[in-house]
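**Student:** Sequence:
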Amino acid sequence: MNTPQYDSLIWATRGRTWGFRFLLNAGLGDPLSDYERAFGDLQSAPTAWRRHGGQVALRFPDPLGRQDSAGRVIPHEFVICGDLAAAVDSVEDGLHMVWPLVSEVYASVWDALNPPDLRDWNTEGEGHTRDTT
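Residue numbers 288 to 420, in this note's numbering, belong to the letters of the sequence shown in order.
Bear in mind the hints are in silico, worked out from the structure with no lab data behind them.
Zero decoy hints are in this set.
Label-pair ranges, simulated between beta-carbon atoms:
#1 Ser395 <-> Gly341: 26 to 34 Å
#2 Asp398 <-> Ala374: 27 to 35 Å
#3 Pro348 <-> Leu319: 18 to 26 Å
#4 Asp328 <-> Leu400: 29 to 37 Å
#5 Asn401 <-> Asp376: 32 to 40 Å
#6 Leu400 <-> Gly341: 36 to 44 Å
#7 Asp328 <-> Asn401: 28 to 36 Å
#8 Ser377 <-> Leu400: 30 to 38 Å
#9 Phe307 <-> Ser395: 13 to 21 Å
#10 Glu391 <-> Thr304: 15 to 23 Å
#11 Ser390 <-> Arg359: 15 to 23 Å
#12 Glu391 <-> Pro348: 12 to 20 Å
All residues carry an ideal CB built from backbone N, CA and C; glycine is no exception.
With the sequences and hints as input, model every part of the structure.
**Tutor:** Here is the structure:
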């Protein structure tokens, strides 16, 4: 992904049938250590916001109440970096600023049988298009 918004996000979630995984990695080969550091002791809270070292950890349940095949509401977890992190000061801010960046993509992949590979997705204008360059 080459957009500044996607390059500043680590996004972990699950789908209806596929398990919890990183869909965006902020350009990192292995985002797990950044994710663990950002969330720290917030591991069990259903909603969370925490600023740590210039990054923001953000967690909220799926805004549309989508559930996995076991009936659990799907969480969305983000580590936000850069200018976007400076602007997100609460879970509510995240819902208004971060969720719109990924909501259309998630709507198109959450109920797929296999997990998506979003590394080459790109946003342009209002929609999301596959980056073929």
